[in-house]
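There are 2 protein chains.
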Amino acid sequence: MQTITVALDAMGGDFGPRVTVPAAVQALSHFPELKVILVGDREQITYQLTYLGFTPTSRLIIKHSERSISNCEKPSLALRNSVGSSMRIALDHVANGEADACVSGGNTGALMALSKFFLKLLPGIDRPALVSALPTISGKRTWMLDLGANVSVDADTLFQFAVMGSALAQVHIEKAPRVALLNVGEEEIKGNDLVKRCSELLSQTKEINYSGYIEGNQLFYDVADVIVCDGFVGNVCLKSCEGVAHLFHQKLKNHFSTSTFKGWIAQKVFSHLFNELKTLNPDQYNGASLLGLRGIVIKSHGQADSSAIINAIGEAVYEVKQQVPSRISDRLEAVLLERHY
Amino acid sequence: MQTITVALDAMGGDFGPRVTVPAAVQALSHFPELKVILVGDREQITYQLTYLGFTPTSRLIIKHSERSISNCEKPSLALRNSVGSSMRIALDHVANGEADACVSGGNTGALMALSKFFLKLLPGIDRPALVSALPTISGKRTWMLDLGANVSVDADTLFQFAVMGSALAQVHIEKAPRVALLNVGEEEIKGNDLVKRCSELLSQTKEINYSGYIEGNQLFYDVADVIVCDGFVGNVCLKSCEGVAHLFHQKLKNHFSTSTFKGWIAQKVFSHLFNELKTLNPDQYNGASLLGLRGIVIKSHGQADSSAIINAIGEAVYEVKQQVPSRISDRLEAVLLERHY
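If you read the sequences in order, they're chains P and S. Counting in this note's numbering, the first sequence runs from 1 upward without gaps. Counting in this note's numbering, the second sequence runs from 1 upward without gaps.
Because the hints were derived from the structure by calculation, they are not lab data. A hint or two may mislead.
Simulated crosslink set (DSBU-like; lysine-lysine; CA at most 30 Å straight-line) [what the hints assert, rightly or not]:
1. K253(S) with K140(P)
2. K253(P) with K251(S)
3. K206(P) with K175(P)
4. K196(S) with K116(P)
5. K175(S) with K251(P)
6. K253(P) with K140(S)
7. K35(P) with K120(P)
Predicted model only: the values in this text are computed from it and were never measured.
Just chain P, with the same shape it has in the complex (with noise of 0.2 Å):
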């Protein structure tokens, strides 16, 4: 079995060593090809593993880092002052092939910009793009990107995007990813000069299944595979969506723990729903990729809970067993030689 090994900044997202020592742990029983490289603080660290009984072992190191980046750092900064820091330690070690992967709940600008820099851009791509897969009504899951990485980007940017979508949406389903571009209207007209121009790029293009636009209230709706869309955009769009899915599972919480006798029915009765809406919260989902680089970074939500970055870490292990830069890659080779002849 091949060792698939992962370099988690154990000092990323909101909660650092007290969420991301635990989930590493649970990760390598989860993943039996799984080693994981723990970069952070050595002495919190080590304070977790001791409190879950737990000594590192081949399978489980600690490298130790300094200090780590804040989340107001701005990114231009955050590179600069990149030395040293949990974040920069574990794409070193992805950038010298020491790890196959690197996950972090760390600052999204600042992850965005040190991985550009520090393991590259793939040939074809201006920028490197976050993707994450929604729920859908159906039960198949929709990708979507930009959401968040890039706040404005031009046509072409735009359409990369929808070549790496439609790459990584091939690797998990098996027909040609049907791919839409967000926009206020289904009608050739609608939109701004950025998502006319890349549409018309895109219906020129044989390579990707293009299907159109799409607008907002059918993003769960299971009418496109791949979801393109400015960084701004997507990731406002997919804020509004986790609040009011948030406020539905509030309001329904409220609603059975207020009285006893309802809590009790609901239990009997409304469990099976619950699970479904579960699967509806696009929150659920962690583990957004950080597509067009020549290696495989995993940005976990900086509130993510053990469970969830136990999930990162899994989208990591699968994009390195699926080798995605490389499938990324291809796909634009096709597309360029398309352009070309």
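Based on the hints, put chain S in the right spot on chain P.
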């Protein structure tokens, strides 16, 4: 009692006179001061009125139109070919003072283009904006703009949206409305150039109670009274929220209809919860205002049913009573004065 005359584009929206005519008839009993001018195909309108056993009165008159503007017509073309269309005739009634407000469920882009051209903009306003009230968890409402009238704007225009939104919210609430900018993060360094520049302008303006950035997941949590964004982001964001809300409703509904026993329990025990959830569905609120014009124009949802159109008419009546356009002018003047001295 002052008569308030609303020109209703009877052909606008996906269902035309089939829903606009019953809505107009019912609205008359809701609003005793209301007079409705139904603009559209006389034959179709009369057919619907006869079906309802209603004959035109001094409070409900018909103005015949030869044609209507289709949903896929480009705004610029719609404007050029607007003569004789129901939307144009309805707006003309506002322009020449025969009506106090116009309500239309037709093509949003066309409505904006025609309104701008025939009603003219308020001094100091570059673009009209579409604003709507969202429900929040506290029971209060939050006004969000722009919801799709402008798919690309500059910082000055976004700033004007903030001023207009603030003036409208002030009509509904007592204290100075908290104005927030929708962004990908709350920290100062986050966002694209557009929001950063607009944030600077708002920070410098004492007349506006600016509370900084807001993220998508906070939309329904009553953290701001006015949420400002460009029309592309606003439209995609609100439609996404509608999508999630519909999904939850559908899941709950499906679940209850599949089993009589569960359905019965649901009816008995969860009716209150259902009603509460319904108020969180942004789609339940109809009647977005087109702000920044020298007249009152309310955009009804294309798929609005009769009761939703009555809400839109109600919003028109309220804005006429509150003299919203002149309050926006006053607020804008105060802001410009502050900037000048």
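Proposed proximity, K251(S) with K253(P) (alpha carbon, max 30 Å): holds, 16 Å
K196(S) and K116(P): Cα distance at most 30 Å? Distance of about 24 Å is within 30 Å: holds.
Given the hinted pair K253(S) and K140(P), is their alpha-carbon gap at most 30 Å? Measuring from Cα to Cα gives roughly 21 Å; hence the hint holds.
Straight-line Cα separation of K175(S) and K251(P) no greater than 30 Å? holds, 28 Å
Is it true that the CA of K206(P) sits at most 30 Å from the CA of K175(P)? Holds, because 15 Å separates the two Cα atoms, which is no more than 30 Å.
K253(P) and K140(S) were given as a pair; does the straight-line alpha-carbon distance stay at or below 30 Å? Holds, because 21 Å separates the two Cα atoms, which is no more than 30 Å.
Assess, step by step, whether the Cα of K35(P) is no farther than 30 Å from the Cα of K120(P), and give holds or violated. holds, 24 Å
Against the hints set out earlier in the document, no violation occurs for any number.
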